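Top line first, the protein sequences correspond to chains A and B. The numbering of the first sequence is the numbering used here, which starts it at 1 and goes up by one. The numbering of the second sequence is the numbering used here, which starts it at 392 and goes up by one.
Since the hints were made in silico from the structure, they are not lab data. Please note: incorrect hints may appear among the correct ones.
[Stated by the list, open to error] Computed, partial: chain A to chain B, Cβ under 10 Å:
| hint | residue |
| --- | --- |
| 1 | A267 |
| 2 | Q273 |
| 3 | H324 |
This structure is a prediction, so every number in the text was calculated from the model and none was measured. The beta-carbon is built from N, C-alpha and C at its ideal position, and this holds for glycine as well.
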Amino acid sequence: MFPSWPIRFHHHTPVVGSSKSGGGGGGGEESTDSGSAANTLSTTVPESPVSTKPSSSDHHHLQPPQMDGAGGFSQSHQTAGRQTPEKTLRRLAQNREAARKSRLRKKAYVQQLESSRIRLTQLEQDLHRARSQGIFLGGGGVAGGSISSGGAIFDMEYARWLDEDLRHMSELRTAVQAHLTDGDLRVIVDAYISHYDEIFRLKGVAAKSDVFHLITGMWATPAERCFLWMGGFRPSDLIKMLISQLDPLTEQQIMGIYGLQQTSQQAEDALSQGLEQLQQSLIDTIANGSINDSMHHMAVALGKLANLEGFVRQADNLRQQTLHQLRRILTVRQAARCFLVIGEYYGRLRALSSLWASRPREALQMADDNSCQTTTDLHMVQSSQNQFSNF
Amino acid sequence: MQFQPETHSYYSASSVVIHGGGGVAAADPFERVVRLASGSAVVVFSVSTCCMCHAVKRLFCGMGVSPTVYELDQDPRGKEIERVLSQLLGGGSAVPVVFIGGKLVGAMDRVMASHISGNLVPLLKEAGALWL
Chain A
1 MFPSWPIRFH HHTPVVGSSK SGGGGGGGEE STDSGSAANT LSTTVPESPV
51 STKPSSSDHH HLQPPQMDGA GGFSQSHQTA GRQTPEKTLR RLAQNREAAR
101 KSRLRKKAYV QQLESSRIRL TQLEQDLHRA RSQGIFLGGG GVAGGSISSG
151 GAIFDMEYAR WLDEDLRHMS ELRTAVQAHL TDGDLRVIVD AYISHYDEIF
201 RLKGVAAKSD VFHLITGMWA TPAERCFLWM GGFRPSDLIK MLISQLDPLT
251 EQQIMGIYGL QQTSQQAEDA LSQGLEQLQQ SLIDTIANGS INDSMHHMAV
301 ALGKLANLEG FVRQADNLRQ QTLHQLRRIL TVRQAARCFL VIGEYYGRLR
351 ALSSLWASRP REALQMADDN SCQTTTDLHM VQSSQNQFSN F
Chain B
392 MQFQPETHSY YSASSVVIHG GGGVAAADPF ERVVRLASGS AVVVFSVSTC
442 CMCHAVKRLF CGMGVSPTVY ELDQDPRGKE IERVLSQLLG GGSAVPVVFI
492 GGKLVGAMDR VMASHISGNL VPLLKEAGAL WL
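Okay, chain B solo, but in the shape it has when bound (with noise of 0.2 Å):
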């Protein structure tokens, strides 16, 4: 995954399509999301119809960030997928959902409250997805 600093303002996200990945296709689902998670500094869980998942993208684009983000209505076990996170979630809407570092942020009201209270940037940074 590469980090360009954003000259320009347009967004550039990389949109994965998920393959079976690294040879041996993880069976289980929650297994794939933590693979995932870990895979890039920032990912986000998307399904590509959602305005809400757009505002999310929207944010970290207006932020300099470039996530990885997983459309999961254009993945075969995308279904899956929805239900872990939804678990993680502890039940609503399984997209969009936001990992940081690895670690778990939490669906678009968390991400909003983590960015008011001036604690997404610096977590950012400690991704290495920000700089400066």
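Just chain A, same shape as in the assembly (with noise of 0.2 Å):
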């Protein structure tokens, strides 16, 4: 039955041993020619003639031979062949085992590979907004092509601020379409409010650390800087450009927007003259450093400007002061149309400025096609003020 199996399993009843080594054919045969030897030691031999049950014969020659009262031989052979199995079913077992650990860690190491992938997308459009909106708009102006970490850091963060403001500006429009009750309407202004509180705060932290990529404009778009003020925005011009647009005004409103005006515009003289005073004390102590104390005239030069910061924090507290301003004067309707105005406006602005970077470089060479560019750029202002005009 099984040639292979060592005969001396049942060498106490040589009628078997002899039977077994006569080969595999016939196993009726053998189970017959086992006799009742065979036949006594296991019960799960089959009688049909091909034996397909190796588990039982297997527990057939497993059987532990205590019947023979043998003495090591047989049992060695049976705890070799015993071995085996065991040795390889540990050894499958810990393949396995392995296998699956190993799979799980490449599981693991490819969700890890998944998720920084998606951080360094993300990382990469942060980085191309912050530069296109501080270095390619600008000129490529920047020496080296580089920003400071205060200053890249700020530029992500009023990028987020920007795509922020955009929420808003569609909450607005679709709360005063709606026309909410005032206390809806006044959780939305307020969350604009505050909205503006935040880039006011975000830009005093920037201050600290780079007060020049703030005080430069270097995150604003190239139209915005070219009317910036000390960092920002000039609260008297923006003023200016909303009383034309907000009545309808009370007696009392025309009074303290003018009021605003007037306000607005004394402090920023007032600022205005103090940096001028900063700059010429600064140009006084650059200018006459002698060679023996430059080095004491470099770090005189280095705390004076220090100061710009409390400047740029003064100018911005100013502006602060003008929105709050704003909200206490008008009616929480007409701050939310207000606050609408400024919103578009600045796009425009930001619109302007990109419509700008991109018009078409032909007109450089076509000096005498320079009224048909100027109106080609008319009409792709005009299409977009279109797109922008809601009242």
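Each chain sits in its own coordinate frame; assemble them with the hints.
The structure is reproduced here in structure tokens:
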């Protein structure tokens, strides 16, 4: 039946041994030939000629040889035989375990790669946006094409703030058109004020690390930079722009708005004169340094430069107070429309910068075609205006 | 202290060098500050080289107000006053600090906020520093 198995399993029954050694032919013969001995040993041996139950045979063969009371010889063979399948089983189990662990590790690694890839794309997008605002539209004017970490961080935060601004704007727009109650509108309007409070807070942080980045307007688009005052918008300009767009106003409100225009103008003038004095003082320090004590003069100059941060902070403070005062003067509904006007105004200014940057360059070579070029630009600006005007 | 109506926009605040003050020098710097602050309608504590102080002086000048300015770097006991002012403001830069009608208004940011919110002019009128 199992010619490979050692015949000594059943050495105590010579009949069995001899029949076993006879080969695998005629299982039935064997079973009968093995006689009663085999039968007494195991009841699991099938009577069918072809034995297809190795397990049963195993069992048959692996039965402990208690009956023969044999010495070590049969036992050693038996243990040798038992070890192999056991070792195999253990080895197989270990292999399975190792494979499973390997699969888990690979899965974890792939997941890590995926999340890193997503994070990398996001960072690339942020950086690209920051660069396009700060460097590309600036005509590549930044020395070395690099910005400080404080400046880069602010640019990214500002880009995010601009996205938030669009969201607030659409919320305001739908709120105004939907004729919400004053209470609901107030929530949205106050949220927009907080949104502006946030950018002033961020600018305060940025001013500490890189005031030059703020004051030179590298974070803003070229058109905005053109009208930049002390690192941001000029409050009195904003009020002037709003005066025509805010009617109908009560007489008291008109007084309030004109008063705000006057106070913001006075405050701006005061800060501008203070900054002028700082610049003059700085020029004097740098110009008057002799070779001997140039280091000292540089240290003094550095100390004076540190005051720049104070001026940018005061300018931002002025901008913030102006917006808050607007909110106080106007009713909730008027304030909502007012902030929509402000948001759209700066949106158009930014769009103007993009249009300017992407205007067709052939105009530079076709000198006599300048008039046509202007008309084209005007058409583009008008179409964008139609896009924005919602009142 | 004279408060002349401004016929021209030229800055003409009176810079006062602090002498012992009325015979008896006030020993406590805080008392000195209080005394000086109540001595005029508008009082600005400043340092002559400070540009933000220059800005606050220009602000009052632009409104037609002539504040009394104490330049602390020109006062032998100016450092003490600077320390008191810094404490009053809760830390940070000691100058410029503005008092109107003897009451503390604050540093530049509070002065600006007060002006924008429309509170500064009434304060000045109340103290007699502005009319019309």
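_Of the numbered hints stated earlier in the document, which are not met by this structure?_
Result: no hint breaks.
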